[in-house]
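**Student:** Letter by letter, the chains look like this.
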Amino acid sequence: MNPARNDRPLLLAEALRPKPPAAGVLDIECRRQTLTVMTGPRADETSAWLGTLAGFVPAVSGTLQLPEAANGTPRIGYVDVATPLLSTMDVRMNVMLPRLYHLGETHGAAQRAAEKLLERIGYAGPADVPPARLSPLEHRQALLARALALDPPLVFLDEPFTLGDVACWEVLENSIAALSENEQRAVVLVTRNLDFAAKVADRLVHVDGDRVSVHDSWDAFARAPGASAFLDHTPFRAGEVRA
Amino acid sequence: MADKALPGWKSVTGWTGRRSFRLAGYPVDLSLFIAHALRRWVARGHLRDPLNRRMTMAQVLEAGVDPLPAILIVGLLVGFSFAAPLVALMPALAESELAPLLLRVIGLELGPLLTATVLVGRAGRAMSVELANMQLHGESRGLQRLGIDLYAFFAAPRVIATAIAQLVLSTYFTTVALVGGVPLASLLYTGESGGLALATLSAVETGELAVFIVKNLVFGLVISGAACFSAVQVRVAPTEVPQRAQQAATNSLVLVFVINALVIGLTL
Numbered sequence: 001m002n003p004a005r006n007d008r009p010l011l012l013a014e015a016l017r018p019k020p021p022a023a024g025v026l027d028i029e030c031r032r033q034t035l036t037v038m039t040g041p042r043a044d045e046t047s048a049w050l051g052t053l054a055g056f057v058p059a060v061s062g063t064l065q066l067p068e069a070a071n072g073t074p075r076i077g078y079v080d081v082a083t084p085l086l087s088t089m090d091v092r093m094n095v096m097l098p099r100l101y102h103l104g105e106t107h108g109a110a111q112r113a114a115e116k117l118l119e120r121i122g123y124a125g126p127a128d129v130p131p132a133r134l135s136p137l138e139h140r141q142a143l144l145a146r147a148l149a150l151d152p153p154l155v156f157l158d159e160p161f162t163l164g165d166v167a168c169w170e171v172l173e174n175s176i177a178a179l180s181e182n183e184q185r186a187v188v189l190v191t192r193n194l195d196f197a198a199k200v201a202d203r204l205v206h207v208d209g210d211r212v213s214v215h216d217s218w219d220a221f222a223r224a225p226g227a228s229a230f231l232d233h234t235p236f237r238a239g240e241v242r243a
Numbered sequence: 001m002a003d004k005a006l007p008g009w010k011s012v013t014g015w016t017g018r019r020s021f022r023l024a025g026y027p028v029d030l031s032l033f034i035a036h037a038l039r040r041w042v043a044r045g046h047l048r049d050p051l052n053r054r055m056t057m058a059q060v061l062e063a064g065v066d067p068l069p070a071i072l073i074v075g076l077l078v079g080f081s082f083a084a085p086l087v088a089l090m091p092a093l094a095e096s097e098l099a100p101l102l103l104r105v106i107g108l109e110l111g112p113l114l115t116a117t118v119l120v121g122r123a124g125r126a127m128s129v130e131l132a133n134m135q136l137h138g139e140s141r142g143l144q145r146l147g148i149d150l151y152a153f154f155a156a157p158r159v160i161a162t163a164i165a166q167l168v169l170s171t172y173f174t175t176v177a178l179v180g181g182v183p184l185a186s187l188l189y190t191g192e193s194g195g196l197a198l199a200t201l202s203a204v205e206t207g208e209l210a211v212f213i214v215k216n217l218v219f220g221l222v223i224s225g226a227a228c229f230s231a232v233q234v235r236v237a238p239t240e241v242p243q244r245a246q247q248a249a250t251n252s253l254v255l256v257f258v259i260n261a262l263v264i265g266l267t268l
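Residue numbers (the numbering used here), protein chains in the order written: chain A, 1 to 243; chain B, 1 to 268.
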């Protein structure tokens, strides 16, 4: 794909080598309106790769370019259920916090922005309760809202589909798909929800030990050597290879 | 591996040495932590920043208002408890001789120390457990990923608020003790109440007031600094939370008494 002059990649990794437990080397670029799925048999490897791509964990070697932060305001969003909402604040305040901290907004302005964001994501739960009172789906939606509070162009999501209730997956799938399609963000997502990956992924990154491969479509991934072993053993129902 | 190969007596001395270095280094580490937190808070705009202001004021209310009833009761009882034996057993002592003694003991020494003890037990422990749980459950990591400075956002407002709370509560303690407890003792044992309290308050000197203010502010910084410093060291196990809270309480109490002794040595 020839990039437009002003369509610079939001994420550009060249010969990126992460720290353990992740291994291998990755070259990748992510532009607006793309959804990249990273998957593999071991969760610790894929999560470590995501942290490296987000710049939270320094890489051993290689280069990484992310959207520039102005005045320390982060230009990426990161959602990880292992880093939950603040338990000492209610949902609304959690979503308001990045705007209050980085933008210096008044309480009223931040509150209106937070409520609009929660509505846009499809959050139907209460906003004035502590996170402990939320359902798993509501918690993930609130985490997503907090990550989007500063309108980042690049969003990372680490295993958002680890929900016991399968019916909630569709709600979350729609929210995540809308991030790249409707809101023109670049999304990098770690998941083993291969149904979702087959439906919406623009690119797949398969991580298996020190073997890291990038595929431009689900079909290309499904036909790759070694993919069948992973697809056969992955607990989620694998999508069929499209003819 | 090398330690396991050493004979027992060498490892005992090694343990003692390492422990001593850790103990001696603790006040330095704590001071650096507090200074770093305050510097980051100032760099973010201190009270000019609306969020800084909101967080700090919320912490002042939490640290200063909650222990107030206990402080008032203890202050009254301490004033009575220390004045009563002096008034009853040394009736020959004039008010002009008794007043500076009561001011020194109750106002400058017991007031700050007992207020600090109450604050360690209430605000210090609560702060330590709250931050330790946030650290344990990954909440603080989530904030760091949002680009939020934990020193400026969490530690500094608590440190500042506890310093202010210590000063205000200690003032309440001393006032209630000298204006309530002391006259009560005097009334019970001599039949006269107002003179001793007035004499005590009149004995306040500017230098002693300055020492009172500085000492209380330092106590407050130490109490909350120790709570936050211990809390951020929690790693993976839930059992670390009460251990760190206990460690913070013990360390801050010891430091408060050490600082108090140093101040006495320097000012007498």
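Please keep in mind that the hints were generated in silico from the structure rather than gathered at the bench.
Hints are supplied without guarantee of correctness; some may be wrong.
[Claimed, not checked] Listed next, with one range per pair, are the computed distances between beta-carbon atoms:
no., chain 1, residue 1, chain 2, residue 2, range
1, A, 119, B, 48, 27 to 37 Å
2, B, 25, A, 130, 48 to 58 Å
3, A, 224, B, 23, 38 to 48 Å
[Stated by the list, open to error] Coverage of chain B stretches by chain A, computed from C-beta distances (three or more under 8 Å per stretch; other residues unrestricted):
no., segment
4, 48-55
5, 97-107
6, 136-143
7, 147-159
Heads up, the beta-carbon is just placed ideally off N, CA and C, and yes, glycines get one too.
**Student:** Verify the coverage statement for the segment 147-159 of chain B against chain A, using a C-beta to C-beta distance below 8 Å and requiring 3 or more qualifying residues.
**Tutor:** That given contact holds, which follows from 3 residues of the segment 147-159 of chain B lying within Cβ reach (below 8 Å) of chain A.
**Student:** Can the suggested window of 48 to 58 Å be confirmed for the beta-carbon pair residue 25/B and residue 130/A?
**Tutor:** violated (38 Å)
**Student:** Are there three or more residues in the segment 97-107 of chain B whose C-beta lies within less than 8 Å of some C-beta in chain A?
**Tutor:** violated (count 0)
**Student:** Could you say whether the range 38 to 48 Å given as a hint is met by the Cβ separation of residue 224/A and residue 23/B?
**Tutor:** violated (59 Å)
**Student:** Taking the Cβ atom of residue 119/A and the Cβ atom of residue 48/B, is their distance within the range 27 to 37 Å?
**Tutor:** holds (33 Å)
**Student:** Counting residues of the segment 48-55 of chain B whose CB is closer than 8 Å to a CB in chain A, do you get three or more?
**Tutor:** Answer holds; 4 residues pass the 8 Å Cβ test.
**Student:** Counting residues of the segment 136-143 of chain B whose CB is closer than 8 Å to a CB in chain A, do you get three or more?
**Tutor:** holds (count 6)
Violation of the numbered hints given earlier is confined to hints 2, 3, 5; the remaining hints are satisfied by the structure.
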